[in-house]
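J.: Taken in sequence, the protein lines are chains Y and H. Quick note on numbering: the first sequence equals residues 1 to 384 in my numbering. Quick note on numbering: the second sequence equals residues 385 to 989 in my numbering.
FYI, nobody ran anything at the bench for these hints, they're computed from the structure. Computed from a predicted model, the values in this text were never measured in an experiment. One or more hints might be untrue.
Restraint-style ranges between C-beta atoms, simulated for each label pair [claimed, not checked]:
| id | chain 1 | residue 1 | chain 2 | residue 2 | range |
| --- | --- | --- | --- | --- | --- |
| 1 | Y | Q286 | H | P459 | 53 to 63 Å |
| 2 | H | G895 | Y | E12 | 44 to 54 Å |
| 3 | Y | H256 | H | K728 | 46 to 56 Å |
| 4 | H | P459 | Y | W293 | 47 to 57 Å |
| 5 | H | D818 | Y | I268 | 58 to 68 Å |
| 6 | Y | E12 | H | F848 | 34 to 44 Å |
| 7 | H | R723 | Y | E12 | 30 to 40 Å |
| 8 | H | K406 | Y | W293 | 48 to 58 Å |
| 9 | Y | I268 | H | K843 | 29 to 39 Å |
Rough simulated footprint, nothing fancy, chain Y against chain H, three-plus residues with beta-carbon under 8 Å [unchecked claim]:
| id | segment |
| --- | --- |
| 10 | 845-853 |
| 11 | 957-965 |
Glycine included, C-beta positions come from ideal geometry on N, C-alpha and C.
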Amino acid sequence: MSVRVNPRLIKELEDFGAEDVSKCYHCGNCSAACPFSDDPVIFPRRAMRYLQMGASSRLRTTLSPWLCYYCGECSEQCPRGAEPGETMMSLRRWLTSQYDITGISSWMYRSWQNQILFMVLLAVLTGVGLVYYGFNFGGGSLSVYEGEQAFLPHHFVHIFDWVMGGVIFTLLGINMLRMWYFLMRGDTARPVPLGSYISSIFLLPIHFLTQKRFSECGNKQPWKMHMMIMFGYTIMLVLIVFFLPLMQEGYNFAAHFFGYLASAGLLIGLTWALRGRLNKTLTFQQKSHHSDWVFTGMLLFLAVTGVIQHVLHRMGLPYAANLAYIVHLSGVVCFEVSQVPFGKWAHLAYRPLAMYYAHLQKESWAAGVATYDGKLPATSGAAD
Amino acid sequence: MKKIGVYVCQASDDAQGSVDLKAVAEYAGRLPGVSLARVVAANDGLAPEALAQEIRKQQLNTVVVAGYSPGFFKPAFTRALAEAGADPENVRLASFREHGVMCEQPVERAKAVVNCAVNDVPFSLAAEPALVSVNKATLVIGAGIAGIQAAIEIADAGCQVYLVERESTIGGHMAMFDKTFPTLDCAACTLTPKMVAAGTHPNIKLMILSEVKGVTGRPGEFRVKVLQHATRVDPVACVACNDCSAICPTLASSEFDVGIAKRKAIYLAFPQAVPNSYVVDPNACLWVQSGGKKCGACVKKCAKEAIHLDAKDEIVELEVGNIIVTTGYEPMDASRIERYSYGKFPNVITALEFERLSNAAGPTGGKILMKEKKLNKRTKQEEWVFEPENAKPHSVAIIHCVGSRDRNYNEYCSRVCCMYSLKFAHLVKEKLHDVDVYEYYIDMRAFGKNYEDFFERIKEEGIFVNRGRTTEVVERDGKMVVRGEDIVNDRMVEKSVDMVVLAVGLEPANGSAELAKMLGISRNDDGWFAELDYNLEANSTERGGIFLAGVCQGPKDIPDTVAQASAVAARVLRSIAIGSVQDSRSTLKLTDIEQKVRALAQSGN
Chain Y
1 MSVRVNPRLI
11 KELEDFGAED
21 VSKCYHCGNC
31 SAACPFSDDP
41 VIFPRRAMRY
51 LQMGASSRLR
61 TTLSPWLCYY
71 CGECSEQCPR
81 GAEPGETMMS
91 LRRWLTSQYD
101 ITGISSWMYR
111 SWQNQILFMV
121 LLAVLTGVGL
131 VYYGFNFGGG
141 SLSVYEGEQA
151 FLPHHFVHIF
161 DWVMGGVIFT
171 LLGINMLRMW
181 YFLMRGDTAR
191 PVPLGSYISS
201 IFLLPIHFLT
211 QKRFSECGNK
221 QPWKMHMMIM
231 FGYTIMLVLI
241 VFFLPLMQEG
251 YNFAAHFFGY
261 LASAGLLIGL
271 TWALRGRLNK
281 TLTFQQKSHH
291 SDWVFTGMLL
301 FLAVTGVIQH
311 VLHRMGLPYA
321 ANLAYIVHLS
331 GVVCFEVSQV
341 PFGKWAHLAY
351 RPLAMYYAHL
361 QKESWAAGVA
371 TYDGKLPATS
381 GAAD
Chain H
385 MKKIGVYVCQ
395 ASDDAQGSVD
405 LKAVAEYAGR
415 LPGVSLARVV
425 AANDGLAPEA
435 LAQEIRKQQL
445 NTVVVAGYSP
455 GFFKPAFTRA
465 LAEAGADPEN
475 VRLASFREHG
485 VMCEQPVERA
495 KAVVNCAVND
505 VPFSLAAEPA
515 LVSVNKATLV
525 IGAGIAGIQA
535 AIEIADAGCQ
545 VYLVERESTI
555 GGHMAMFDKT
565 FPTLDCAACT
575 LTPKMVAAGT
585 HPNIKLMILS
595 EVKGVTGRPG
605 EFRVKVLQHA
615 TRVDPVACVA
625 CNDCSAICPT
635 LASSEFDVGI
645 AKRKAIYLAF
655 PQAVPNSYVV
665 DPNACLWVQS
675 GGKKCGACVK
685 KCAKEAIHLD
695 AKDEIVELEV
705 GNIIVTTGYE
715 PMDASRIERY
725 SYGKFPNVIT
735 ALEFERLSNA
745 AGPTGGKILM
755 KEKKLNKRTK
765 QEEWVFEPEN
775 AKPHSVAIIH
785 CVGSRDRNYN
795 EYCSRVCCMY
805 SLKFAHLVKE
815 KLHDVDVYEY
825 YIDMRAFGKN
835 YEDFFERIKE
845 EGIFVNRGRT
855 TEVVERDGKM
865 VVRGEDIVND
875 RMVEKSVDMV
885 VLAVGLEPAN
895 GSAELAKMLG
905 ISRNDDGWFA
915 ELDYNLEANS
925 TERGGIFLAG
935 VCQGPKDIPD
945 TVAQASAVAA
955 RVLRSIAIGS
965 VQDSRSTLKL
975 TDIEQKVRAL
985 AQSGN
């Protein structure tokens, strides 16, 4: 099968963060050092090779970047400073942009100005829209926060959230389908039988909730940090999407308990993560792409503004609370729309999917049915 | 009318700044035509605007920038002159480094360099290198194969050679080896005749347990101080009967067996050692350590009365015309790479340890065996030792590029490791038939004549040669496990092995920095002595009369080392044949140079 070569691939990947790929001389240290690199999916060296060859179609169908958690062992032991760990990180960004059908993802990843422009635009549009709605269709007065006469009544915000969520997840869904197509049906793949899809479906929630592969890394600190942020975010998302009235009005114990827990998790986890990136504590924090700053920074901003609007509301300052709420909601739209289908947030969907697909491929590969990350079925032509 | 400003600039790394810059500036200030002379400190930070102001104020039209690396400061002065409205071309450099100020009268030399620059006279015109009549004796520092080869070549031509070696025997690392690649010749069989030739040659004076402590003088007439540690045994009287060693109660780790075996406090490094007479290790000898109160058994035992435990170290002064540096290398310390578990797992051994293990004169009589835990009856402690009755390994892994081609350790390729690793694989396979050998390599650098054939032959012998290095040696269920990527076959390999041999890279010999300082020669970034020109002057140094041969100039194998050693002998013999040597650092006095400069400047005007 012929492979079209893109000689500028290394150069293109520089925008996504990988700067030292060409230094690699293929000693195999990184693959030997990686605790997850195992027959037949060997990484990160194979990805480095594909990059040097410019085999972008091969890279697009590989799932190995999603199996890497960037513990940094490979980069620490690289004799050439080729940063294989950072390359895998960049490949995850690149793959996100490849799965995206609109091209917005690639446009934002390639320059921080684009990213900021897109996000500011979204925030301003939302803010203006909300204010317009509040004065013309909502309560009309910024001094009312609670109840039916509120500036932004919760039934409106609820519907607003649902509509936004619908749009975002449709976009993400299309990208997820493309991911499935590239990995499971693309030009190097042999299809996995439908039965396996169903019998292994339980893996998806397990990987999503426990991130158990991440916890198998030598250093547990990044996993703990990640769990705090992930659970904080997910709990908050569930509360807002399904239980918003309970949060906004009255003193429902369960909603508030979980709300405060999630806020604390987010604030602690994100501060921890940002501090690490600022001080470059761990190997994976040595280099930060602009998308990393935007993701962590914006999420912290949302957590902080969310807490502020809640505090102001409970302190009996409806005017200030409404202003904070508008800022918070603008931030939410800007973050969700830019990050969920097009940005770093997408890995919340792609990672468990990749684990799931990897499991399916491996099973069927061993049985001689499917290909595993581009490798022919075990019985038919595995190199030996 | 010229108005010259002289700026004497301090080097930012003042490592070699032994010159009194103030004195140089004062001298420059007194030269005709100079209206300003001052020292510029390294931390001054040269602002062209401020300099321009100064130049305008003093109405300077020419600037002389003096110092170790004046070129570094030149751009600031060019800009300053342009800003002051003068011709920016009028910047002249007076480089201390280029014109050999690192000599015995650095200030005089620096003044001369500045004087030439002020008068616009090329330094080479004013200070022609002087010809010095050459002393026919030659000093060779280091008696490995390179030193022995060069010494024999020169001595055969009828000239005196002093061969200085800091160990107790000559022969260097090659004497420790079992076989040499790619011919698989017995190293001892090819080397020992040369060692004996060097030891018995009437024109070679061997100085073992000796170190060069100081070098003065100039090319053609060096004066060298050598510290000769006492051997405490009269080499003429000693017949190497071994009676003294047999009775000696003290054991110490053997340098020649790189620590995998023990020797007595009075010992012969190995049976074919040259000179073939015993020496005493003063740090282990009970008599020496107790100040003559204890032991002394060997003195009583020696029938030839050759042992003098109270002998003192001596400092010997030599006068030689040329010096050849053949100090060789040190294997890299494998324990620096913790992941390979050297020093943690007993059966992870280094290349040199393997050489001794495989050598017929080694602790196991040439059998390749594993280390085993044995009770030391003397100290009542368990120790891991090689002994002839130990078990054989059934699988051996050889890890290439240990500490080489790695920016975390040494960035250079040590050049010999690939080939000696292939040789090890062959030796293991040859001596133990039911054994698996795995080589983990990055690139196979079989660069020399017949080396590629050797590589092909090893592969045919059934050795598993794995393209892909490994990162660690771990223990699993009592066995060592080596994991790596098999890049050629695109799979992971994980082998459990009984023995791991680390193909450690080469590093400059201990004391190279001090020696370079003493000799006034420089070293490359990697620490190897710097040759004058990479291609055409690979065995000369920037200093006349001092030459390099062998690994001390850069990693190389035995054939290349021997070739370079012979070539160096030709360089030395050339100077002896001419009868004189050029001193690249002029021997002219400052007053002579001043006179010449004046004459040249006048004729030029």
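J.: Next, verify each hint and record whether it holds.
T.: Hints, one by one, checked against the model:
1. Separated by about 34 Å at the C-beta atoms, Q286/Y and P459/H break the suggested range of 53 to 63 Å.
2. Between G895/H and E12/Y the C-beta distance comes to about 51 Å, which sits within the given range of 44 to 54 Å.
3. Between H256/Y and K728/H the C-beta distance comes to about 55 Å, which sits within the given range of 46 to 56 Å.
4. Checked against the hint of 47 to 57 Å, the C-beta distance between P459/H and W293/Y comes to roughly 38 Å, which is inconsistent with it.
5. Range check, D818/H to I268/Y: Cβ separation about 60 Å, and the 58 to 68 Å hint holds.
6. Between E12/Y and F848/H the CB atoms are about 39 Å apart, so this pair conforms to the stated range of 34 to 44 Å.
7. Distance hint check for R723/H and E12/Y: the Cβ-Cβ separation is about 34 Å, which falls inside the suggested range of 30 to 40 Å.
8. Checked against the hint of 48 to 58 Å, the pair K406/H and W293/Y passes, with Cβ atoms roughly 53 Å apart.
9. Checked against the hint of 29 to 39 Å, the C-beta distance between I268/Y and K843/H comes to roughly 57 Å, which is inconsistent with it.
10. With 3 residues carrying a beta carbon less than 8 Å from a beta carbon of chain Y, the segment 845-853 of chain H meets the three-residue requirement, and the given coverage holds.
11. Counting residues of the segment 957-965 of chain H whose beta carbon lies closer than 8 Å to any beta carbon of chain Y gives 0, which falls short of the minimum of three for the stated coverage.
Violated hints, listed in ascending order, are 1, 4, 9, 11; each of the other numbered hints is respected by the structure.
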